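J.: Sequence order for the protein chains is F and Y.
For what it's worth, our numbering labels the leading residue of the first sequence as 24, then goes sequentially.
For what it's worth, our numbering labels the leading residue of the second sequence as 2, then goes sequentially.
Keep in mind that the hints are not guaranteed to be accurate.
Taking lysine-lysine and the DSS-like style, the derived pairs with C-alpha atoms no more than 30 Å apart in a straight line are [as the list claims (entries may be wrong)]:
#1 Y/K84 to F/K96
#2 Y/K108 to F/K96
#3 F/K96 to Y/K54
#4 F/K85 to Y/K53
Where chain F lies over chain Y, by a calculated footprint (3+ residues, C-beta under 8 Å) [unchecked claim]:
#5 30-39
#6 124-136
Hint data in this document are derived by calculation from the structure and do not stem from the laboratory.
Because the structure is a prediction, the values reported are computed rather than measured.
Where a beta carbon is used, it is the ideal one built from N, C-alpha and C, also for glycine.
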Amino acid sequence: MSLMALRERLNVLVNSMFLEGLLDQQFRQLQMLQDASSPGFVAEVITLFCEDSERMLTELTKLLDQAVVDYQKVDAYVHQLKGSSSSVGAQNVKLACIQFKQFCEENNKEGCLSALNMVKHQYYSLRSKFDTMLQLEQRIQAYDSEQQN
Amino acid sequence: MSSPRGGGKERGGDGERQIHVLAVDDSSVDRAVIAKLLRSSKYRVTAVDSAKKALELLGTETNVNMIITDYSMPEMTGYELLKRVKESPKLREIPVVIMSSENDPDKINRCLEDGAEDFLLKPVRPSDVSRLCGRMRS
Chain F
24 MSLMALRERL NVLVNSMFLE GLLDQQFRQL QMLQDASSPG FVAEVITLFC EDSERMLTEL
84 TKLLDQAVVD YQKVDAYVHQ LKGSSSSVGA QNVKLACIQF KQFCEENNKE GCLSALNMVK
144 HQYYSLRSKF DTMLQLEQRI QAYDSEQQN
Chain Y
2 MSSPRGGGKE RGGDGERQIH VLAVDDSSVD RAVIAKLLRS SKYRVTAVDS AKKALELLGT
62 ETNVNMIITD YSMPEMTGYE LLKRVKESPK LREIPVVIMS SENDPDKINR CLEDGAEDFL
122 LKPVRPSDVS RLCGRMRS
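Chain Y on its own, in the form it takes in the complex:
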């Protein structure tokens, strides 16, 4: 399958299919903002408020092209979600992007070393979403 350009759609055998991003954030404000940013780039978005709900969805939904998750969440952090995804044979190919309001180089490096596709500083901007465009799972 070819990489998508300009967001939104990917080529499939049965025609174009909308790219599906799973957004994970315990903050309702941030969920609304990241969902809107992604939908403005024509992605289909499912937004959940915890890593636990994200894993439940990933267990049933096979068509997730990217996960974008907040780092600091109660119970299970975005980093722990990243680890669980990368340790799973079924999920490990899904790119995981971490978001955080803290510019902590150690935290950023650890996430990238452990398989994160990218690390975005909050507040997330449209330009941040644009740069994710070519990195969705096809």
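In isolation and in its complexed conformation, chain F is listed as follows:
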């Protein structure tokens, strides 16, 4: 596939993610920060977000599996996940976290379990598209490196 075709495919993917509500304007801010001195900045942030999110989702699953739920700890993790999803522009994940926090405040276990499933659903939908995005970015950068050599 040509470089132009790869760039076009990446643009179409990212635009569709905005249209579907997976991403918001904060992601554009990150894209604008990426420059020649840090060509891998967006990929770095996405990778950190995914590592953090999966760690937190694992902890949340364990916490909600307990007979007696520690809602303070659950809330702390949801707060963190809400924060990092906001920072990366992961809109649907952020919105699902806001709903989750509400159930936490009510000490509503059923609500929390349902909310956790929603957060997971939103996160893994986003993760799948982020994976494609990163693969396309890598192929584009490989082209750019070849052209420089």
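Dock chain Y against the given chain F, drawing on the hints supplied.
T.: Here is chain Y on its own, set in the frame of chain F:
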């Protein structure tokens, strides 16, 4: 020393010296973003993941022009870090900026009353960093 304009450098007797910002945030995502925002304005950045590490660094590093810290952190919050800095004769002149994802007026007022230079709502934008430009310690 004159106040810096347009970020990055300050005037010193031995020529220009890069402004050094200490960024404190327990979130790896937010650390990466705030560090990049600051470096894009040509500041030198040291990013740490806790207030404890920030205080350790401040104990050894004399050339910090600003501290920018998240509010909500485990063990020691950004507010507690602010208090420790302002209570220290050696550190109190360093401007401290607090960041938070929560728009809580009581929290904001308390930080400002207790000496915070500014309070930024997350996600932090380039325009937020621009407005800090003239407030670095010279």
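J.: Each of the hints needs a verdict: does it hold here or not?
T.: Hint check results:
1. Y/K84 to F/K96: holds (26 Å)
2. Y/K108 to F/K96: Holds, because 21 Å separates the two Cα atoms, which is no more than 30 Å.
3. F/K96 to Y/K54: holds (23 Å)
4. F/K85 to Y/K53: holds (29 Å)
5. 30-39: holds (count 6)
6. 124-136: holds (count 3)
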